Amino acid sequence: MKSKISRRDFLKLSGAGLATAGVLTGCGPTSRYVVRQPYSSMPEFGQTGVSTYYATTCRDCTAGCGIIVRTVEGRAIKAEGNPAHPVSRGKICQRALTAVQGLYNPDRITGPRRQARGGGSVEEIDWDQAVEVVGQALQGNAGSLAFLLGGTPDHLFDLVTELAEALGAPPPVRYSTLQMFEGRSTLIAATEAVYGTPAVPHFDMANSDVVFSFGANLLEEWLSPLAYTRQFRQFRQDAAGRRTGYLVTFEPRQSVTGGSSDLWVPVAPGSEGLVAAAIGRLAAEARGGGVPPAFAGVDVNAAAEASGVPVETLTRLAEMFATARQATALPGGNALGHANGLESAVAILTLNSLSAANPVSIIPVEEEASAPQGSLQAVQELVDRMRSGQVSTLFIHGVNPLFELPSSLGFAEALAQVPQVISFASFPDETALASDYILPDHTGLESFGYQRVQAADRPVLSAMQPVVVPLYNTRATADVLLAATQQAGAGLDYTDEVAFIQSRLRPLLDANDPDGLFRADEMPTFWAQFLQYGGWWTQSPRLEPAEASASGGSAIRPPEPLQSGQLHFIAYPNKLGDGSVANRPWIQETPDPMVTATWNSYLLIHPDTAAGLGVRTNDVVLVRSEHGELETSVYVYPAIRPDTVAMPFGQGHTELGRWAAGRGANPAVLFPPQANGAGDLAFADTRVTLSATGRRRPLALIESLDGVYGEGH
Amino acid sequence: MAQVTEQPRKWGMVIDLDLCTGCNACVTACAMENNIHYTGEDEVAYGRGLYWMRIQRYWHGEYPNVGPEFTPMLCQQCGEAPCEPVCPTYASVHSNEEQINLQVYNRCIGTRYCANNCPYHARVFNFFDYEIPAPMNAYLNPDVTVRSRGVMEKCTFCVHRLVHARIDADTQGDPSLENEVTTACAQACPTNAIMFGDLTDENSPIRTLFERSERGFQIMEELGTFPSITYLKGGGVYGGRD
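Sequences listed follow chains A and B, in order.
Counting from -2, one number per residue, gives the positions in the first sequence under this note's numbering.
Counting from 11, one number per residue, gives the positions in the second sequence under this note's numbering.
None of these hints come from the bench; they were simulated from the model.
All values derive from a computational prediction rather than experimental measurement.
Any given hint might turn out to be false.
Label-pair ranges, simulated between beta-carbon atoms [claimed, not checked]:
{"hint": "1", "chain 1": "A", "residue 1": "Q387", "chain 2": "B", "residue 2": "N75", "range": "50 to 60 Å"}
{"hint": "2", "chain 1": "A", "residue 1": "Q536", "chain 2": "B", "residue 2": "S158", "range": "46 to 56 Å"}
{"hint": "3", "chain 1": "A", "residue 1": "D235", "chain 2": "B", "residue 2": "N213", "range": "46 to 56 Å"}
{"hint": "4", "chain 1": "A", "residue 1": "E628", "chain 2": "B", "residue 2": "E190", "range": "43 to 53 Å"}
{"hint": "5", "chain 1": "A", "residue 1": "G116", "chain 2": "B", "residue 2": "L233", "range": "53 to 63 Å"}
{"hint": "6", "chain 1": "B", "residue 1": "T218", "chain 2": "A", "residue 2": "Q563", "range": "54 to 64 Å"}
{"hint": "7", "chain 1": "A", "residue 1": "D235", "chain 2": "B", "residue 2": "E190", "range": "19 to 29 Å"}
{"hint": "8", "chain 1": "A", "residue 1": "F515", "chain 2": "B", "residue 2": "N147", "range": "17 to 27 Å"}
{"hint": "9", "chain 1": "A", "residue 1": "F515", "chain 2": "B", "residue 2": "N127", "range": "25 to 35 Å"}
{"hint": "10", "chain 1": "B", "residue 1": "T181", "chain 2": "A", "residue 2": "Q536", "range": "28 to 38 Å"}
Quick reminder that beta carbons are idealized off the backbone N, C-alpha and C, glycines included.
Okay, chain A solo, but in the shape it has when bound:
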């Protein structure tokens, strides 16, 4: 990784600089009020054949990676990583790469509309009518309003929080499937229990020589995949190109991270915390100097039995952990998605305190600590309010609850009890089509905003700006809400979205941090640089080593034994994330790294289990849990426990346009509605039975199956 800004990068940033000239003169797509202009009056910088680059932030997960979008003659061509951005450092993943397929998706909602729920009549309205509808809703009983937002800590969340406060309405509820799958609420609660601060900790993987990952799929879908992949690279090889680092993954299904690890330990689902505690006890004994109280009560033999990991392996790994220069234990993913997830997370985090050098640090971010994290519990409370008729108007933005939430939670039935549902979706997803109004927001590449980055090594406020003029008759949700608030008379003192964002930048400008990326005396200059660089961050990392408090962890309940015929069922996110990007054809066409499958769902099953069931790859099976059932093709996967099956999340849309609808199956129908101790969904506690259907539905694989598990031509 080059540390200096190369000339090429400099040119890109200069291009972004030209963009900010547009802000000052009001003629480019980033001007405050975006207007459509004919091609004959192309702005000066839009020369034919010359690219213009804009820095912005990817919105497709909550990591907040900085991207630079190349535009030519007013069209967004390709997203690339922002080399200066502390999260992505010039790199990029599939979701940001295909952002232009979201922007130019032919199935977008092109303007505000009133509609009959569940299809039927659609009536186009204009924005004045739309603002009036929102204004009237806001004028009603504030206690009966409800806001449901996605998990991103962005400007819209801040605005809605402020709006709800001004109106006296309940604070916005957040839900993000990706955060649920990584167990973010659980991680934050465990960090509070172990280190006394509710925050997303930063793990120094780069300088560790031993890393134990308990379910954290850091290379594919964890707190910040690109940032941790960069750490993985530094961990794997030193600057001189020598191999360093030893990565052990404890997970029932081998993930991409498991595939790149030095040792994959297939532990029984739900026993990850027990394994961590047993390793903690053995490591403390190997190191000498007493066993921490958190691990004192652990029965190593019982942990070995429950997890299926032999005591010898545990001892060997514990010695490795104890003798490492710096050892890191990462809690995440399906290790936390169990009923005992919080206790497991505490045990895994506590393991870090046995490392010779402390790998865990915390960036103190005051705002984030007070903001509620999206969790199943909060959604459950909202569903209860909706069901009992306490919600008169529900506003939904950035989340698709009918698709993402476990069906067993009863959101669909509760939604029917809400008299007025207003969706701000850009795409016709399941929830948008079950709403009374769709008031489409701009997509990420057409809008202003900022995002606080939670999992970076320094404070980062990442900037969003339009890279093209909005394609359709859409309007920023923040602008709609502000206009409606003014109409309702409960005015917030902002003229528009940009004024609100700038008001939130004001403390940064005033703080005048000497280590800040840039400084300015007044807002227009600060704003121009904020957009040009793609955000504001400090130039050096700002991490405070986390000091573990001595409190003992509570006992971890071992997982319930499987009943006869039952299998553990683990859903996991892959490139499709929370499923909102399933309408982008190149996301669908990009093969899954481990399976090489495209365009559909599949159930990963161990060869012996498949043989016992009499199914082969491409055979369709019926997967049934206590809460629902689905059908999907089987993929015989050698790297999964025989008592476990797994399935990627994100397919199974019934709506969302031509590339997503009617494709695959949605594992959310199988989830139990139970939460763990921190309020996160215990999705990994799902138990299923399988039965063969006798049908075959071939998967679109890149690999050939010839000669694999007896497959012929």
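Starting from the structure of chain A, add chain B where the hints point.
Leaving out everything else, chain B in the frame of chain A:
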């Protein structure tokens, strides 16, 4: 068969298999850069997916000591390319400037001899006239030809970027501009497992790796194709650590 001649540039690539996590970001980056059309589920299942780049995943070992081996596979830009002499229309030719293997789409008549002769399965055939529904065609890269039905396609080492960089270097009189060019896959690669550079440049970071890494090998080098891509062996122990 085209002969390697002494020329000012020879572009090459080094792929470190120890750093490749198989994430497939390069595959998508290549597609978005090069206007590669998605083909849909049925065509991918028939093996007609238009992947200029793919990650080969092979399993090794038995449960529980099982794991994947990832090999990013793309056109190796052979010095002695087997695809070139079999083309009856000279659509598969060698470029003097970049020392890479080019595909000239408007010469190609779709005999597919080149794909049959390519030991790397790096070439894909465009079987149908694919159309991107408006307005999604707006993101097409103006620097890259949109191919039609009946032609063979393959990795170009992002030759449009190489040409742009050469023109920039010439017009601005600064040859160093050309050294900073990279391909879409290398640019995206989150671990920098893919490295791209000029093999004739003494200061290029990849030159030493390409020629002298103790882990370096070329795929099917026994065929004498002289690939422009060196892979660095992954896994195991190296570099003096045990």
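Comparing the hints with the structure gives:
Between Q387 (chain A) and N75 (chain B), the C-beta spacing of about 56 Å keeps the proposed range 50 to 60 Å intact. Distance hint check for Q536 (chain A) and S158 (chain B): the Cβ-Cβ separation is about 50 Å, which falls inside the suggested range of 46 to 56 Å. For the pair D235 (chain A) and N213 (chain B), the supplied restraint of 46 to 56 Å is violated, since their beta-carbon distance comes to about 22 Å. As the Cβ distance of E628 (chain A) to E190 (chain B) is approximately 51 Å, the hint placing it in 43 to 53 Å holds.
Checking the proposed 53 to 63 Å range against G116 (chain A) and L233 (chain B) shows it holds: the Cβ atoms sit about 59 Å from each other. For the pair T218 (chain B) and Q563 (chain A), the supplied restraint of 54 to 64 Å holds, since their beta-carbon distance comes to about 56 Å. Under the hint 19 to 29 Å, the C-beta atoms of D235 (chain A) and E190 (chain B), about 25 Å apart, fit the expected range. Between F515 (chain A) and N147 (chain B), the C-beta spacing of about 38 Å breaks the proposed range 17 to 27 Å.
Judged by the Cβ atoms, the range 25 to 35 Å given for F515 (chain A) and N127 (chain B) is violated: they are separated by roughly 56 Å. Distance hint check for T181 (chain B) and Q536 (chain A): the Cβ-Cβ separation is about 34 Å, which falls inside the suggested range of 28 to 38 Å.
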